[in-house]
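4 protein chains.
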Amino acid sequence: MNTFGNRFRFTSFGESHGAAVGGVVDGCPGGISLDMALIEEDLEHRKPTASWSTARHEADQVEFLSGLYNGKTLGSPIAFILRNTDCRTADYNDIADIYRPGHADHTYEARYGIRAVNGGGRASARETAARVVAGSIAKMLIRPRGIQIHAYTSQIGTVCLNVPDAEVDYSRIYQEPTRCPDHKTSKEMEALLDEVRKNEDSVGGAVTCVISGLPAGLGNPIFGKVQSLLAAAMMSINACKGFEYGTGFASAVMHGSELNDPYAKDAAGHISPLSNRAGGLLGGITNGHDIIFRCAFKPTPSIGRAQRTCDADGVMQQLRIRGRHDTCVVPRAVSVVEAMAAMVIADLTL
Amino acid sequence: MNTFGNRFRFTSFGESHGAAVGGVVDGCPGGISLDMALIEEDLEHRKPTASWSTARHEADQVEFLSGLYNGKTLGSPIAFILRNTDCRTADYNDIADIYRPGHADHTYEARYGIRAVNGGGRASARETAARVVAGSIAKMLIRPRGIQIHAYTSQIGTVCLNVPDAEVDYSRIYQEPTRCPDHKTSKEMEALLDEVRKNEDSVGGAVTCVISGLPAGLGNPIFGKVQSLLAAAMMSINACKGFEYGTGFASAVMHGSELNDPYAKDAAGHISPLSNRAGGLLGGITNGHDIIFRCAFKPTPSIGRAQRTCDADGVMQQLRIRGRHDTCVVPRAVSVVEAMAAMVIADLTL
Amino acid sequence: MNTFGNRFRFTSFGESHGAAVGGVVDGCPGGISLDMALIEEDLEHRKPTASWSTARHEADQVEFLSGLYNGKTLGSPIAFILRNTDCRTADYNDIADIYRPGHADHTYEARYGIRAVNGGGRASARETAARVVAGSIAKMLIRPRGIQIHAYTSQIGTVCLNVPDAEVDYSRIYQEPTRCPDHKTSKEMEALLDEVRKNEDSVGGAVTCVISGLPAGLGNPIFGKVQSLLAAAMMSINACKGFEYGTGFASAVMHGSELNDPYAKDAAGHISPLSNRAGGLLGGITNGHDIIFRCAFKPTPSIGRAQRTCDADGVMQQLRIRGRHDTCVVPRAVSVVEAMAAMVIADLTL
Amino acid sequence: MNTFGNRFRFTSFGESHGAAVGGVVDGCPGGISLDMALIEEDLEHRKPTASWSTARHEADQVEFLSGLYNGKTLGSPIAFILRNTDCRTADYNDIADIYRPGHADHTYEARYGIRAVNGGGRASARETAARVVAGSIAKMLIRPRGIQIHAYTSQIGTVCLNVPDAEVDYSRIYQEPTRCPDHKTSKEMEALLDEVRKNEDSVGGAVTCVISGLPAGLGNPIFGKVQSLLAAAMMSINACKGFEYGTGFASAVMHGSELNDPYAKDAAGHISPLSNRAGGLLGGITNGHDIIFRCAFKPTPSIGRAQRTCDADGVMQQLRIRGRHDTCVVPRAVSVVEAMAAMVIADLTL
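Protein chains in written order, with numbering that gives the first Met the number 0: chain A, 0 to 349; chain B, 0 to 349; chain C, 0 to 349; chain D, 0 to 349.
Source of the hints: derived by calculation from the structure; they are not laboratory data. Please note that the accuracy of each hint is not assured.
Any copy will do: because identical chains look the same in the list, a pair fits if it lies in one copy or spans two.
[To be verified] List of simulated lysine to aspartate or glutamate pairs, DMTMM-like, C-alpha gap at most 25 Å:
| hint | residue 1 | residue 2 |
| --- | --- | --- |
| 1 | Lys46 | Asp200 |
| 2 | Lys183 | Glu108 |
| 3 | Lys186 | Asp93 |
| 4 | Lys186 | Asp200 |
| 5 | Lys71 | Asp310 |
| 6 | Lys183 | Glu57 |
| 7 | Lys183 | Glu257 |
| 8 | Lys264 | Asp93 |
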């Protein structure tokens with residue numbers, strides 16, 4: 000349950016306030032020069048960006064333990080760790096016996112009979128830092144094949160990005176603290192986040208992801224459909240509540256005559272769909288167009304304002320969460336969506 | 000890619016116009032009396048129901064080949080087949096060289112270098128009949144544990160079911176040809192389907208599914224989250240374009256203060272969330288409430304009205320699909336959603 | 000537990016006296032013309048050959064249910080069945096409540112709480128007929144790569160084949176009813192088998208298998224070592240008690256100086272070991288030489304002579320097994336060893 | 000290929016002369032107090048013991064990185080590392096371009112296009128230290144169920160242990176540097192090892208393993224047979240060339256009438272085989288008796304005496320291996336056999 004993928008396999012480990020988070024990437028071919036700058040950049044993209052981000056600041060320094068020889072991959076498992084350096088366990092002393100609403104305290108305890116109180120333990124999004132490192136390695140495998148992955152914030156609360164997918168300027172994504180590539184929309188999102196934060200509340204949002212440069216014929220049908228793999232990957236991200244691709248939920252109100260993408264021979268002589276309402280996939284297999292999908296994220300369950308909930312004895316308590324948290328998970332989830340998508344595609348292309 | 004699940008494993012096989020569709024269920028414990036009536040009932044629920052359903056009528060007679068001894072399971076693999084009896088391959092003669100828009104003709108050919116022209120071969124929803132049989136066996140394993148699964152049509156085109164999830168009368172689901180449990184809404188859906196059919200077009204919709212009777216603590220976190228398993232299962236169903244659970248995509252506009260479910264001791268002395276905005280899952284693990292999820296389906300790509308598309312030589316053709324098809328896949332997808340959900344839960348409870 | 004392999008995946012089903020045995024091959028590429036003659040030939044090789052073979056004569060007629068289109072593979076799962084036509088359940092009436100020594104009656108009952116009395120149910124070697132069909136399909140994938148697999152009887156009881164592996168005449172294997180490729184040795188084995196059969200007893204033996212035409216660098220290290228895959232495959236065959244490759248158990252008394260294969264540049268300019276004491280594998284990966292391994296088989300547990308054992312009530316009984324059985328499993332196991340080896344190699348080369 | 004097991008899953012990483020070896024244990028239940036003394040003891044058992052052992056002395060200090068909270072398992076992955084502290088890479092400078100006979104230098108390079116020259120990289124038995132830690136954790140899961148595992152040296156070169164399996168004094172195993180539990184035999188083995196070492200050569204041997212306290216009915220048939228799992232596990236250990244259980248290869252010369260174990264009701268009223276020639280398994284499933292198996296190991300390929308072999312250019316070279324090596328791998332393999340067996344059984348019992 001902590002291993003993802005088949006050919007490109009990532010095993011993740013670590014708790015929020017344990018010694019380290021980390022992972023093991025297995026199945027990476029030998030002879031590849033690890034691009035340490037890309038790993039650092041990707042980790043940077045996951046870091047808190049603004050006053051409405053968590054005040055926990057982790058160095059996210061990666062130590063590689065195996066699988067490399069003179070900077071090149073050996074084909075053997077690549078193990079790495081990121082030590083946790085900015086833990087503040089005192090924040091959790093008061094709430095050790097309280098089930099935080101919207102968190103996994105209660106369900107982990109029901110599942111395992113025990114839970115790591117500090118920082119949510121394994122259920123914390125701290126774990127996703129390791130996913131970002133593995134995702135960077137996955138990108139190193141797919142980029143030479145011309146495949147690019149771009150995720151961005153397309154919604155925070157009621158503020159939506161209204162730029163069509165095809166017109167998004169990817170170069171702006173990480174210029175904006177919200178990871179929304181349109182400056183004006185990003186500013187509106189920031190204003191909303193400031194307001195929500197002042198209210199000691201949190202807010203949800205959505206991430207859009209575009210995978211381009213894919214050949215037709217990638218993936219598997221039936222239970223191995225690319226959309227199944229992507230959906231499972233995205234739903235594994237903390238706080239993700241929904242996944243859709245192509246026209247997604249809007250398909251429900253559409254007619255076949257408006258949704259079907261007709262085929263034609265393109266300029267290069269390849270037969271290919273003329274349009275991409277399908278979102279790049281038919282029968283679970285790539286059709287040569289971009290895969291486009293969208294994920295919904297719920298508001299951070301940790302909020303500053305008082306909540307009523309019970310403790311382990313069932314006594315109702317007034318809860319005020321003092322831990323350091325993000326007002327909205329979406330800006331930081333963008334790089335995690337990207338990492339998970341990269342792993343799915345690397346797994347398919349190996 | 001044709002095997003689903005880990006402990007309860009289902010391997011599916013068969014093409015739309017081949018000798019048979021069928022499957023192998025592995026991991027079923029020994030000593031269970033197969034409930035043949037349930038299997039027949041579930042298959043009945045998947046059959047065409049009205050003038051806007053396909054005119055292909057398959058007997059769906061199940062032959063069991065192994066795994067049973069005097070009607071009881073042996074613990075060994077249960078293989079079964081449903082022979083295809085109502086094939087009309089002539090329908091496909093004219094379109095053998097044409098890539099049907101919205102279908103997997105082109106992607107299967109790109110993937111395998113070959114495709115079964117008749118009836119869409121393996122990409123046809125005919126394959127889901129085998130899933131329904133396996134789903135019935137899964138239900139036999141989870142029902143004795145008090146777990147029930149109910150799926151129903153909650154949307155067809157612009158007609159939505161406006162009854163709250165908790166007030167749905169499950170006993171009505173299969174009384175209605177639309178599988179929408181509210182008679183008045185169902186009638187509106189039928190009117191819409193008649194109209195769409197007259198227009199030689201098709202329409203999309205959505206299915207809601209409720210899994211009740213689950214204990215808290217079922218499932219696994221990180222990459223084994225129940226929502227990941229369910230999402231992958233649902234996205235593997237033909238025409239499914241989106242998956243959401245709990246507040247789903249609506250979470251994007253919500254605040255933590257309105258979404259969080261507070262905990263309290265219930266009448267029976269168990270600590271449990273007071274409300275169920277979470278949709279039954281926190282951190283990937285059941286919280287003791289019902290799992291509620293929703294899937295979006297696109298309109299059937301096969302439509303009667305003329306479409307422009309190209310053939311294998313890239314020459315544009317006028318395409319009129321004469322095969323027998325459903326105006327909307329949703330009414331028949333309901334039993335498939337149920338079957339896939341049953342397999343996911345059986346896999347978790349074994 | 001009834002599925003074998005990762006990329007070339009074979010799911011097996013069926014009981015000895017059930018409706019059929021069969022299987023599903025998943026992962027076979029599209030566009031391959033199934034060589035039906037090879038399948039028939041391989042099944043023929045598994046059939047009883049002499050008076051000391053079982054008197055049960057199965058037609059072993061294969062019906063393909065899916066995965067083919069005009070005789071070519073589609074890339075979708077290939078399901079097939081062999082109906083059981085020569086069952087004699089009456090043979091088992093008297094022993095329904097008796098635990099046959101050396102059989103799996105008792106362990107299956109302990110595992111599943113139930114067992115198929117007739118013919119040993121799933122534990123019968125009848126199941127291996129399906130493996131032979133899957134093995135034939137595997138051979139169709141590896142032969143075009145120049146890889147050949149030859150298994151043969153190298154020992155029955157105290158009669159051993161004394162021809163060096165490299166001098167074995169593979170063309171003689173299936174000319175001899177014992178599947179021992181040396182005519183004189185085979186005659187000695189036949190004499191032994193006749194004698195053992197007259198004594199209403201059974202006898203063990205060994206099978207040697209040579210896989211040739213392998214490139215260096217095939218396979219995976221650590222837990223995916225080729226010898227691990229082959230050992231698991233062989234130990235899954237009924238009655239197999241041991242596996243060794245290269246110098247095998249004899250390695251225990253050898254010195255490094257006599258076992259190590261030195262490297263040199265060969266005539267074609269490739270660097271390769273000069274000798275093959277390693278048996279074709281180093282560090283779990285092929286070294287370019289033939290893989291050579293050997294499997295030991297125990298005597299058939301079903302014997303005609305009287306045995307003392309107890310029934311389900313624990314009462315001691317005199318047991319005389321009347322079912323139709325082989326005096327020695329080895330001659331018929333040869334084709335099964337070949338089939339399993341073919342699947343392992345197909346899995347590695349896909 | 001670096002992950003072992005299904006429910007109890009161990010992912011191994013690390014090269015001989017890299018930063019560390021280590022692993023991730025996934026699937027361990029929550030709430031178990033890790034027995035650090037057992038881990039240390041098991042690691043101690045794997046350490047070099049005598050002049051004929053390697054002169055490389057690793058501290059084997061385990062650092063746990065995740066999965067624990069106040070010394071108890073959380074149910075989340077348990078990651079651990081053992082830093083490599085006694086590397087002497089200079090030993091390998093001279094042989095960087097030479098393919099060592101009997102080693103995986105050539106096959107790794109053929110497989111991955113690259114290899115870690117120092118210490119054999121991933122192919123070194125240094126990797127097995129991590130297996131021992133995971134095996135200790137596995138033992139913590141199976142011991143409370145009354146299951147014990149004892150491996151011991153039963154052969155080195157021509158010196159064999161002649162004590163019957165049932166009379167072996169397990170308490171002596173780790174008292175002897177050879178890990179052979181009979182003092183007199185052990186002394187003979189030591190004398191042999193001294194002589195072989197003086198000859199700058201190496202020698203092979205065998206390990207016997209007994210798993211006791213197993214209930215009947217554990218394991219799975221067909222491709223999941225316990226003997227398949229054990230064989231794969233043992234063949235994954237460096238230098239292992241053969242696996243047999245029960246009467247093993249000797250079965251080849253036996254008759255059914257002498258091998259079959261008759262059933263009877265035992266003193267406790269359970270029906271069980273009277274004898275254990277089967278080696279504890281029938282049809283792949285435990286029969287309630289001890290599982291007894293034996294593994295053959297080849298002589299260490301690294302020997303001091305001169306060998307002729309070629310370099311990367313194909314030029315023949317005289318090779319003298321200066322690295323620090325064991326004269327015989329068997330004494331140190333004993334604890335690795337035990338660890339792998341423990342993981343197989345833990346996987347089956349979870």
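Hint check results:
no.: 1; hint: Lys46 - Asp200; in the structure: within (21 Å within a copy, 49 Å between copies)
no.: 2; hint: Lys183 - Glu108; in the structure: neither (44 Å within a copy, 44 Å between copies)
no.: 3; hint: Lys186 - Asp93; in the structure: neither (36 Å within a copy, 56 Å between copies)
no.: 4; hint: Lys186 - Asp200; in the structure: within (19 Å within a copy, 43 Å between copies)
no.: 5; hint: Lys71 - Asp310; in the structure: between (51 Å within a copy, 22 Å between copies)
no.: 6; hint: Lys183 - Glu57; in the structure: neither (30 Å within a copy, 57 Å between copies)
no.: 7; hint: Lys183 - Glu257; in the structure: neither (32 Å within a copy, 28 Å between copies)
no.: 8; hint: Lys264 - Asp93; in the structure: between (66 Å within a copy, 20 Å between copies)
Of the numbered hints given earlier, the model fails hints 2, 3, 6 and 7; all others are met.
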